[in-house]
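K.L.:
What follows is each chain in one-letter form.
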Amino acid sequence: MKITPEQVKHTAAMAKLPLADDELAEMAGQLQEFLDYVNILKKLPSGAASPPLAPGDPSPQGQGEACLSQEEVLALAPDSSQGMVRVPRVIADE
Amino acid sequence: MTATELTEYYLERSERLQPTINGYISLTRDKALATACHVDSLRRQNRELSPLAGIPMAVKDNIAVRGAATTCASKVLADYISPYDATAVEKLAHCPLLGKANMDEFAMGSSSLTSAFGPVANPWDSKRSPGGSSGGSAALVAAGCAPFSLGTDTGGSIRQPAAFCGVTGFKPSYGRVSRRGLLPLAPSLDQIGTLTRSVEDAALVLQEICGYDPGDPASARQDVPDFSACLVDDVSGLVLGLPREILESCPDSSTSEAVEAAARKFAQAGAKVSWVSMPYTDESLAAYMLIATAEAASSLARYDGVAYGYRHSSSTLEEMYTGSRIFGAEVRRRLMLGTYNLGPDCSGYELGQQARKHISRHLEELFSQVDLLLLPAAPYIAFPLEEELDPLAMYYNDVYSIPANLAGLPALALPCGESRGLPIGMQMMAPRFREDVLLRAGYTWQCRSDWHLRRPREVE
Chain A
1 MKITPEQVKH TAAMAKLPLA DDELAEMAGQ LQEFLDYVNI LKKLPSGAAS
51 PPLAPGDPSP QGQGEACLSQ EEVLALAPDS SQGMVRVPRV IADE
Chain B
1 MTATELTEYY LERSERLQPT INGYISLTRD KALATACHVD SLRRQNRELS
51 PLAGIPMAVK DNIAVRGAAT TCASKVLADY ISPYDATAVE KLAHCPLLGK
101 ANMDEFAMGS SSLTSAFGPV ANPWDSKRSP GGSSGGSAAL VAAGCAPFSL
151 GTDTGGSIRQ PAAFCGVTGF KPSYGRVSRR GLLPLAPSLD QIGTLTRSVE
201 DAALVLQEIC GYDPGDPASA RQDVPDFSAC LVDDVSGLVL GLPREILESC
251 PDSSTSEAVE AAARKFAQAG AKVSWVSMPY TDESLAAYML IATAEAASSL
301 ARYDGVAYGY RHSSSTLEEM YTGSRIFGAE VRRRLMLGTY NLGPDCSGYE
351 LGQQARKHIS RHLEELFSQV DLLLLPAAPY IAFPLEEELD PLAMYYNDVY
401 SIPANLAGLP ALALPCGESR GLPIGMQMMA PRFREDVLLR AGYTWQCRSD
451 WHLRRPREVE
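Quick note, the sequences are listed as chains A and B, same order.
Under this note's numbering, the first residue of the first sequence carries the number 1, and numbering increases by one thereafter.
Under this note's numbering, the first residue of the second sequence carries the number 1, and numbering increases by one thereafter.
Don't read these hints as lab results, they were simulated from the structure.
Please read all numbers here as calculations on a predicted model, not as lab measurements.
Glycine is no exception: its CB is placed at the ideal position from the N, C-alpha and C atoms.
Some clues are possibly wrong.
Unchecked claim - List of simulated lysine to aspartate or glutamate pairs, DMTMM-like, C-alpha gap at most 20 Å:
id, chain 1, residue 1, chain 2, residue 2
1, B, Lys265, B, Asp233
2, A, Lys16, A, Glu6
3, A, Lys42, B, Asp345
4, A, Lys9, B, Glu330
5, A, Lys16, B, Glu350
6, A, Lys9, B, Glu319
7, B, Lys272, B, Glu257
8, B, Lys75, A, Asp79
9, B, Lys272, B, Glu318
10, A, Lys43, B, Glu350
11, A, Lys16, B, Glu318
12, A, Lys9, A, Glu33
Unchecked claim - A short list of chain B residues far from chain A (calculated; beta carbon distances all over 10 Å):
id, residue
13, Tyr321
14, Leu366
15, Trp451
My request is simple: use the sequences and hints to build the entire structure.
P.N.:
Printed below as a string of structure tokens:
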């Protein structure tokens with residue numbers, strides 16, 4: 001499968017990576033090399049994908065586990081206000 | 001000797017060698033001495049203490065330590081102070097923390113060259129790589145800056161640096177050690193383990209960090225054996241499998257010769273050694289690349305400047321997201337591959353998981369014939385820091401270690417020779433949760449060799 005420059009650009013946008021045009025071109029070559037390499041897997045017998053390794057009984061999520069306080073979480077945030085994380089305006093002005 | 005005296009000794013040595021090795025991202029002198037002082041106080045009160053109480057340690061910088069920088073060797077987390085301890089760190093709370101060990105950025109690499117805090121030098125030759133991604137953890141133990149360290153192994157990141165630095169690296173079975181507090185790279189493969197000077201030390205540290213933890217959904221409800229009781233000089237009755245394809249195609253002949261010499265020594269000690277077929281090394285690497293990059297793309301999506309980590313100042317949300325993801329080149333490359341794998345044009349993740357199942361089944365069948373597999377820990381010895389390897393060649397460093405991660409197996413890397421003054425490492429893999437057999441064979445090896453006793457001359 002041949003990867004196109006549009007696909008590389010779209011992938012960078014999905015990954016939210018700030019790649020310059022020359023980096024996109026270099027990345028296209030590297031992605032192609034990877035994809036060619038992993039093609040060897042197509043020679044293996046196909047079948048259902050492996051389930052995650054089963055460790056034992058699944059534990060009830062979050063039951064009785066201590067978690068961070070609101071203050072501790074907000075102390076990590078680059079910006080906060082009124083007990084919430086603050087980010088730039090989500091909806092632009094009309 | 002008191003814990004405080006011991007900790008002072010290691011702190012002084014660590015601080016003195018830091019400009020040469022760059023094994024730490026941060027040193028935590030005050031924290032170390034506070035723990036040591038507390039342990040001394042408990043000892044004076046004749047309180048019952050664990051065998052490791054007061055023994056200092058280094059912890060890889062992708063494992064959370066409360067109140068300490070936890071950067072993952074990335075600019076993105078350069079100012080991040082963890083608000084909690086990883087479970088493994090909690091269990092070792094009586095071990096003074098000397099500092100956080102340098103590593104490849106977000107554990108993506110096999111050289112420790114991709115750290116945003118500068119490369120780590122190999123104590124055997126400061127112009128060579130210590131391997132990676134747990135390069136700092138391995139180099140610090142090899143240089144005598146820390147008696148032991150914690151590392152993490154997603155595709156070989158404990159075993160390859162252990163081999164490059166001539167120390168003992170133990171990757172436990174997936175699920176044996178809680179991953180709570182390990183900042184994820186590829187959660188279905190990540191495992192915390194140990195870097196030590198001997199198999200005995202590995203047994204002591206594993207005893208403390210293994211065990212079920214409800215804080216990790218993949219944690220195994222498995223009894224933890226008495227690991228030190230497994231240390232017997234006896235391999236009679238054990239069957240060791242030597243993978244023919246790997247030994248015959250290993251690019252470094254000194255490595256394959258050292259592993260075959262080790263196999264002969266095991267045979268003299270009473271083990272049965274037989275050639276086996278383990279043909280899927282390239283396929284393992286390909287499956288790993290698909291799975292690890294896809295999971296990394298998902299795991300690292302959280303670094304968007306919103307809740308923690310670096311935030312790029314911007315008036316729009318989109319620019320803030322993109323501008324905050326200031327990863328290095330290797331991380332960007334893997335995130336691109338992983339994002340593409342997860343996208344609509346590619347079924348890479350599923351393909352990788354299908355291959356993983358096939359390879360795991362093959363290993364399961366092998367373990368119906370043998371108790372252990374014996375193979376090189378890495379295809380090369382330590383390479384020069386300035387050597388430019390293309391990405392695929394760099395990934396090839398992990399080609400022998402990845403099968404254990406895909407199948408969740410325990411594996412032990414041990415020094416087994418020297419080539420051009422640099423250590424050679426071998427590894428043994430065992431069925432899942434059979435760490436006991438690895439410790440038994442590893443101890444027997446140590447009783448019949450002295451490679452683990454050799455120290456690098458550069459850092460006397």
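K.L.:
Decide, hint by hint, whether the structure agrees.
P.N.:
Each hint, compared with the structure:
1. Lys265/B - Asp233/B: holds (13 Å)
2. Lys16/A - Glu6/A: Given pair Lys16/A, Glu6/A holds - Cα atoms ~15 Å apart, limit 20 Å.
3. Lys42/A - Asp345/B: Given pair Lys42/A, Asp345/B holds - Cα atoms ~16 Å apart, limit 20 Å.
4. Lys9/A - Glu330/B: holds (18 Å)
5. Lys16/A - Glu350/B: violated (23 Å)
6. Lys9/A - Glu319/B: Answer holds: Lys9/A to Glu319/B is near 16 Å, not above 20 Å.
7. Lys272/B - Glu257/B: holds (18 Å)
8. Lys75/B - Asp79/A: With Cα atoms ~18 Å apart, Lys75/B and Asp79/A stay inside 20 Å; holds.
9. Lys272/B - Glu318/B: Since the Cα atoms of Lys272/B and Glu318/B sit roughly 62 Å apart, the hinted pair is violated (cutoff 20 Å).
10. Lys43/A - Glu350/B: holds (15 Å)
11. Lys16/A - Glu318/B: Holds, because 8 Å separates the two Cα atoms, which is no more than 20 Å.
12. Lys9/A - Glu33/A: holds (17 Å)
13. Tyr321: Answer for Tyr321/B: violated, closest chain A Cβ roughly 5 Å.
14. Leu366: holds (16 Å)
15. Trp451: Holds, since 33 Å exceeds 10 Å.
Checked against the numbered hints above, the structure violates hints 5, 9 and 13; every other hint is satisfied.
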